[in-house]
Amino acid sequence: MFDNFQERRQRVCKRFIYPGIALLAIGGIGFALVIVLAKGPYQLMYVGILGIIVLAIGMAQLKKIANDFKGEFLIDVLNKNFQDVDYNAKSGFSRQYVQVAEFLPHGQRFNSNDMIEASYNGVKFKMSDIHIEVRVKRDDHVTYETVFRGPFIELDFNKQIEGKVQVLERGRSTLFSKYERIKMESVEFNKAFKIYATKSHTAFYILTPHFMEKLMTIENEHRGAFFFSFIEGKVYVALDSRKDNFEVGIFKKFDDKLIEEFENQLDLVKDLIDELKLNKKLFG
Amino acid sequence: MWLWILVPVVIILLWYIGTVNGFRVLEVKINEALSGIDVALTKRFDTLTKMWDLAKKYMAHEEATLTKVVELRQQSTGTVEDAQKLNDEMAKLQAGINVVVEQYPDLKANQTIQEVQSASLDGEEHLQAARRLYNSNVSAFNRKVVVFPASIVASMIGASKKNFFEAEEIKRNDVKFD
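Protein chains in written order, with our numbering: chain C, 2 to 285; chain Y, 251 to 428.
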């Protein structure tokens, strides 16, 4: 099943990667000799530049093979787990779209890919990986630091609510909410999350003891910081896992483990819908 | 010398004002939560009377409970004790209606009954949310009343522990360890 991809990768390695490394090494030796002798075979440095070009071509081809693998097998995994699947590796949420949830930092750089639109047990959802970076100026040079990286999910919510409720995991820096801080009756839950709402009644209406327990279970089962926002028939979930889901490393072995990893990365959506019983409608 | 007396007095005064305000804020929150309970009870009463209208020909024996609910609602003075009594009676009436709906398949299949039952379930969830919010505020208030040194201020301004809004009698009776 994976042989075709493995062979393509080997061909690219033989044609570009190994020769590229060899040319780069020759160029490196030439550069070292020029430095040590203050004169010498500087022409060898051009060989090194050629090596870099050959390596870059090889890397681009390896990346394409990894993307082709993802395109072929991720769709299968998605269709196996969900219904009405629509997947696009290159598209994602817009910056304005995710700001509706009101819990993500703005940042100066924003990127989103791997857009999945599907339904699971009758609950529609949209999911995409997002990466937000802020500009940091240090000693006259500018760098970019990641402030959020992970999946952002929009799910249909089964309760009709008035106002907005946010549940933000403690521990990772987030924007301060502009809404009233709410303390639930569960000490454990208050330790794990900060809760904000436009109306305290709505927070208690959504966060039933069962719901809080399940949120804690989900939080324990997935690494990273969770952010939830409940707004007008939708629940927005973001998990700052500092990982890019569904990425296939260019040298990663093509095997069943990789398919298993795809499956595992979809567990979050399934857990949210199953554990929080989002498929149980109170109306209709 | 004056400073040695003035600074502690100012600190104590500020603490006193802060603590009194703390009690007042919590009292406001408790009253807001109590009005939330009232709103939820009104919703519950409305759905119950709708259900009653739809099922009344099957349940003449529950008429006394309905009359009691209507009386309690009219006599309610807005205290938590009145809300508690009204809620307990409404829970009994609800249980009676549910039994009748289960007994008569034509009634159970009625679209309107199903819609009202859904609304009733939602009303129930709102009531539980209002109850938990009220109890959470009462719990914070009562803690402040008994914990030193805020307890001194509590006795000075006449603040005393408030009653919780208990779960419905009918629900408490569900859990029996005979």
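Since the hints were derived computationally from the structure, they do not count as laboratory data. Incorrect hints may appear among the rest.
[What the hints assert, rightly or not] FRET-style restraints, in silico, Cβ to Cβ:
1. C:Asn122 <-> Y:Gly408: 39 to 45 Å
2. C:Ala90 <-> Y:Asn360: 46 to 52 Å
3. C:Asn280 <-> Y:Glu416: 46 to 52 Å
4. C:Arg96 <-> Y:Arg274: 16 to 22 Å
5. Y:Ile402 <-> C:Tyr98: 52 to 58 Å
6. Y:Val396 <-> C:Asn221: 31 to 37 Å
7. Y:Val396 <-> C:Glu261: 52 to 58 Å
8. Y:Lys318 <-> C:Gly234: 54 to 60 Å
9. Y:Gln325 <-> C:Gly234: 35 to 41 Å
10. C:Glu189 <-> Y:Glu282: 34 to 40 Å
11. Y:Arg274 <-> C:Gln109: 52 to 58 Å
12. C:Gly234 <-> Y:Asn271: 36 to 42 Å
13. Y:Val275 <-> C:Arg243: 37 to 43 Å
[To be verified] In silico DSS-like links for lysine-lysine, alpha-carbon gap of 25 Å or less:
14. Y:Lys279 <-> C:Lys184
15. Y:Lys358 <-> C:Lys160
16. C:Lys184 <-> Y:Lys307
17. C:Lys184 <-> Y:Lys411
18. C:Lys15 <-> C:Lys160
19. Y:Lys358 <-> C:Lys195
20. Y:Lys300 <-> C:Lys160
21. C:Lys15 <-> C:Lys200
22. C:Lys200 <-> Y:Lys293
23. C:Lys184 <-> Y:Lys394
24. C:Lys179 <-> Y:Lys279
25. C:Lys160 <-> Y:Lys293
Quick reminder that beta carbons are idealized off the backbone N, C-alpha and C, glycines included.
Tested hints:
{"no.": "1", "hint": "C:Asn122 <-> Y:Gly408: 39 to 45 Å", "in the structure": "violated (55 Å)"}
{"no.": "2", "hint": "C:Ala90 <-> Y:Asn360: 46 to 52 Å", "in the structure": "holds (50 Å)"}
{"no.": "3", "hint": "C:Asn280 <-> Y:Glu416: 46 to 52 Å", "in the structure": "violated (32 Å)"}
{"no.": "4", "hint": "C:Arg96 <-> Y:Arg274: 16 to 22 Å", "in the structure": "violated (43 Å)"}
{"no.": "5", "hint": "Y:Ile402 <-> C:Tyr98: 52 to 58 Å", "in the structure": "holds (54 Å)"}
{"no.": "6", "hint": "Y:Val396 <-> C:Asn221: 31 to 37 Å", "in the structure": "holds (34 Å)"}
{"no.": "7", "hint": "Y:Val396 <-> C:Glu261: 52 to 58 Å", "in the structure": "holds (56 Å)"}
{"no.": "8", "hint": "Y:Lys318 <-> C:Gly234: 54 to 60 Å", "in the structure": "violated (38 Å)"}
{"no.": "9", "hint": "Y:Gln325 <-> C:Gly234: 35 to 41 Å", "in the structure": "holds (39 Å)"}
{"no.": "10", "hint": "C:Glu189 <-> Y:Glu282: 34 to 40 Å", "in the structure": "violated (26 Å)"}
{"no.": "11", "hint": "Y:Arg274 <-> C:Gln109: 52 to 58 Å", "in the structure": "violated (45 Å)"}
{"no.": "12", "hint": "C:Gly234 <-> Y:Asn271: 36 to 42 Å", "in the structure": "holds (38 Å)"}
{"no.": "13", "hint": "Y:Val275 <-> C:Arg243: 37 to 43 Å", "in the structure": "holds (40 Å)"}
{"no.": "14", "hint": "Y:Lys279 <-> C:Lys184", "in the structure": "holds (13 Å)"}
{"no.": "15", "hint": "Y:Lys358 <-> C:Lys160", "in the structure": "holds (24 Å)"}
{"no.": "16", "hint": "C:Lys184 <-> Y:Lys307", "in the structure": "violated (46 Å)"}
{"no.": "17", "hint": "C:Lys184 <-> Y:Lys411", "in the structure": "holds (20 Å)"}
{"no.": "18", "hint": "C:Lys15 <-> C:Lys160", "in the structure": "violated (58 Å)"}
{"no.": "19", "hint": "Y:Lys358 <-> C:Lys195", "in the structure": "violated (43 Å)"}
{"no.": "20", "hint": "Y:Lys300 <-> C:Lys160", "in the structure": "holds (22 Å)"}
{"no.": "21", "hint": "C:Lys15 <-> C:Lys200", "in the structure": "violated (64 Å)"}
{"no.": "22", "hint": "C:Lys200 <-> Y:Lys293", "in the structure": "holds (18 Å)"}
{"no.": "23", "hint": "C:Lys184 <-> Y:Lys394", "in the structure": "holds (16 Å)"}
{"no.": "24", "hint": "C:Lys179 <-> Y:Lys279", "in the structure": "holds (19 Å)"}
{"no.": "25", "hint": "C:Lys160 <-> Y:Lys293", "in the structure": "holds (16 Å)"}
Hints 1, 3, 4, 8, 10, 11, 16, 18, 19 and 21 from the earlier list are contradicted by this structure; the remaining hints agree with it.
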